[in-house]
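Q: The primary structure of each chain is shown beneath.
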Amino acid sequence: MTAFPSVSLTHQAFEPGALLTTFCAGRDETGAVASFVGLARAEHGQAKALELEAYPGFTDAAIAEFAEQAKVRFGLHDYRIVHRVGRIAPGEAIVFVATAAGHRRAAFEACDFLMDWLKSRAPFWKKEHGPDGDRWIEPTAQDRTDAERWD
Amino acid sequence: MARVLLFGRLADQAGWRERSVEAGTLTALRDALAAADPDLAEALGGPGVQVAIDKAIVRGEATLAAATEVAFLPPMSGG
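As they're listed, the protein sequences go chains Z and F.
Every letter in the first sequence is one number past the one before it in the numbering used here, and letter 147, counting from 1, is 147.
Each number in the numbering used here corresponds to the 1-based position in the second sequence with 151 added.
Looking at chain Z on its own, in the form it has when it is part of the complex (with noise of 0.2 Å):
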């Protein structure tokens, strides 16, 4: 088992490779590590970066609240959840989600499920810096599909 916390949230840049390592590390009845990193886009040029904005102490509790919810479901051995917050450059990594499971099939549903909530229902608000200024963005239609694909 990992000494660390199992939900995150950072400010700075961190090495997903790193974080697997560390999260498989230990695990005698494991069989299943599935992992998931998402990254910022570029978005052609019109994103210069990404500014993500978080409630501390609110929205890594609605995260745990919810992973924890998750490790019941899928039967999960452990989770990982690091996720960044403030000024975020394309290419750099948002958010690493690990699962560790006795077998494959539970330790890739949680994962997805996982992002899925992450993606669309999680306590962020989120701020495109572009060529023509700021905009806040909202959960796309995809977003809240995927979301709703578990409910």
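By construction, these hints were calculated from the structure, which means they are not laboratory data.
Watch out, some of these pointers could steer you wrong.
Sample of chain Z residues facing chain F (criterion: CB under 10 Å; computed from the structure) [stated by the list, open to error]: (1) 54; (2) 58; (3) 115.
Okay, derived cross-link-like pairs now, DSSO-like style, lysine-lysine, Cα gap no bigger than 27 Å in a straight line [stated by the list, open to error]: (4) 127/Z / 206/F; (5) 127/Z / 48/Z; (6) 48/Z / 126/Z; (7) 71/Z / 206/F; (8) 48/Z / 206/F.
Each residue gets a CB set at the ideal place from its N, CA and C atoms; glycine is no exception.
We have chain Z already, so just place chain F on it with the hints.
A: The following block gives chain F in isolation, referenced to the frame of chain Z:
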């Protein structure tokens, strides 16, 4: 004194993110904010704006103790 926090577009509109306001109830707090900035008060009561008191979502009226944290949360975007 309640500690008022604004997020997302609400903070942009107000031009501040955090402020102390003297108010004993949520209604009194909204009134105090409206006196200073009517447009902001309207936005705070707009569709999809949720209120969290000490990091728990509340609906309707609430009593504010000293040092209560009141956050106005516009529709969340996801990560």
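Q: Against chain F, is residue 54/Z within 10 Å by beta-carbon distance?
A: This interface hint holds because 9 Å falls under the 10 Å limit.
Q: Are the Cα atoms of residue 127/Z and residue 48/Z separated by 27 Å or less?
A: Holds - the C-alpha atoms of residue 48/Z and residue 127/Z are around 11 Å apart, at most 27 Å.
Q: Per the CB criterion, is residue 115/Z less than 10 Å away from chain F?
A: Residue 115/Z check passes; min Cβ-Cβ to chain F is 9 Å, inside 10 Å.
Q: For the pair supplied as a hint, residue 48/Z and residue 126/Z, confirm whether the alpha-carbon distance does not exceed 27 Å.
A: Satisfied, since the Cα-Cα distance of roughly 13 Å is no more than 27 Å.
Q: Sort out whether residue 206/F lies within 27 Å of residue 71/Z, counting only the CA atoms.
A: Holds: residue 71/Z and residue 206/F sit about 23 Å apart, inside 27 Å.
Q: Need the status of pair residue 127/Z, residue 206/F: alpha-carbon distance at most 27 Å?
A: holds, 22 Å
Q: Does residue 58/Z hold up as a contact with chain F if the rule is Cβ-Cβ below 10 Å?
A: Holds, about 5 Å.
Q: Please work out if residue 48/Z and residue 206/F have their alpha carbons no farther apart than 27 Å.
A: Given pair residue 48/Z, residue 206/F is violated - Cα atoms ~32 Å apart, limit 27 Å.
The structure shown violates just one earlier hint, number 8.
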